[in-house]
Structures are given as C-alpha cells and as structure tokens.
Amino acid sequence: MPFSDMPDAARLWVYAADRPLSDDEEKALTDRLEDFLSDWTSHGRPVEGAAEVRDGRFVLLAAHRPDAENGSTNADVSGCGIDASVHVLESFADETGVEWESGLRVFYRNADGAVRSAGRPAFAERAQRGEVDAATSVFDLSVDTVADLRAGRFERPAATSWHAEAFPLS
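In the working numbering, the protein residues as written are 64 to 233.
Simulated from the structure, these hints should not be mistaken for laboratory data.
All C-beta atoms in this analysis are idealised placements derived from N, C-alpha and C, irrespective of residue type, glycine included.
Misleading hints may appear alongside valid ones.
To be verified - Per label pair, the in silico range of CB-to-CB distance:
(1) Met-64 to Ala-197: 32 to 42 Å
(2) Pro-83 to Asp-157: 15 to 25 Å
(3) Ala-210 to Asp-146: 21 to 31 Å
(4) Pro-231 to Ala-147: 36 to 46 Å
(5) Arg-192 to Asp-146: 17 to 27 Å
(6) Asp-157 to Ala-198: 31 to 41 Å
(7) Ala-156 to Arg-219: 26 to 36 Å
(8) Thr-223 to Lys-90: 32 to 42 Å
(9) Ser-233 to Ala-72: 32 to 42 Å
(10) His-106 to Glu-194: 40 to 50 Å
(11) Ala-177 to Arg-95: 21 to 31 Å
Please model the complete structure; the sequences and the hints are all you need to start from.
As structure tokens, then:
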C-alpha cells in the first residue's frame with residue numbers, strides 16, 4: 064500500500080541508517096519490506112502497512128489495523144507485530160553491515176543537500192561555530208504518525224523543531 068493511501072492516524076516508525084545505502088541495498092531493502100508488508104499480522108490480525116526509503120538513509124514504516132476496535136484507524140499494532148518489522152530491519156543490517164542509529168544522533172541536511180548525522184555534542188559545536196543554524200533542515204526521528212509526516216514534521220527547519228530548544232542555533 065502506498066503512503067498516500069495510509070490514514071493520518073496510522074502509526075509511523077522512522078529508522079535511520081548510519082551511512083547512505085547503495086542503490087542495490089536500497090532496492091533489496093525495499094523489496095524485502097514489500098514482501099514483509101504483504102503478510103504483516105499482529106496477533107493473527109492483518110496489518111496494512113507502507114514503507115519507503117528516503118534520501119538513502121531513512122526507512123519510514125507505517126502501519127494500521129483495518130479491523131481496529133470501534134472503527135478506529137489507529138495503528139493498534141501489538142508488540143509481536145512491531146517485533147516482526149524490527150526483525151526484517153535487523154536481518155538486513157546483519158547482511159549489509161548497516162547500523163540503525165538511535166535517536167541520540169542528530170540528522171540534518173548540510174549546505175550541499177547531503178544528509179549528515181552527528182552526536183548531540185558535535186551538533187552543538189557545529190551550531191556554536193555557525194555551521195548549522197535555525198534554517199538548517201533537520202530530521203525528527205520521533206514523528207510517530209502519518210499525519211505528522213504529511214504535516215512536514217519529519218524534515219523541517221531547525222527553528223521549528225525541538226532542535227531550536229536543545230541547541231544554540233542562530
């Protein structure tokens with residue numbers, strides 16, 4: 064299912080690779096995710112999902128249960144369903160050597176448009192030196208619904224994200 068068909072309330076997970084994926088890796092991962100999504104279940108109930116790789120660094124995985132209680136479209140996907148998706152990504156990582164980064168790293172777009180990452184202390188130093196500023200595009204790995212993604216909360220200027228409060232941006 065494409066992201067465009069996912070309901071706004073669908074749950075979203077963002078995974079960030081420690082390095083850019085090659086074209087072959089990106090295709091292999093996309094194929095693997097499509098195979099997984101075709102049979103995704105949570106406690107025996109079908110899960111509708113969508114996945115895409117953005118900028119060769121980010122895996123966006125969305126899910127919702129079409130049979131959610133009370134007609135809700137909320138992504139009531141249980142731990143076993145989530146674990147199954149994580150297993151797909153971990154298996155890919157084991158085969159390729161890619162590592163999925165934690166939310167403790169800051170992902171941003173540099174002046175050349177490339178996606179970079181830095182630890183929080185290093186990002187703060189870059190901000191103090193003026194290498195990154197309030198206009199720098201940053202990625203918020205904590206977005207957790209498709210509505211957030213559609214609203215532009217995944218990639219946005221640092222001035223409009225939590226980064227503005229955490230770092231000395233000018």
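Comparing the hints with the structure gives:
1. Met-64 to Ala-197: 32 to 42 Å: Holds: the Cβ-Cβ distance is about 36 Å, inside 32 to 42 Å.
2. Pro-83 to Asp-157: 15 to 25 Å: holds (19 Å)
3. Ala-210 to Asp-146: 21 to 31 Å: Roughly 25 Å apart at Cβ, these two residues keep to the hinted range, so it holds.
4. Pro-231 to Ala-147: 36 to 46 Å: holds (41 Å)
5. Arg-192 to Asp-146: 17 to 27 Å: violated (42 Å)
6. Asp-157 to Ala-198: 31 to 41 Å: holds (38 Å)
7. Ala-156 to Arg-219: 26 to 36 Å: holds (27 Å)
8. Thr-223 to Lys-90: 32 to 42 Å: holds (33 Å)
9. Ser-233 to Ala-72: 32 to 42 Å: Since the Cβ atoms of Ser-233 and Ala-72 sit about 37 Å apart, the hinted range of 32 to 42 Å holds.
10. His-106 to Glu-194: 40 to 50 Å: holds (48 Å)
11. Ala-177 to Arg-95: 21 to 31 Å: holds (25 Å)
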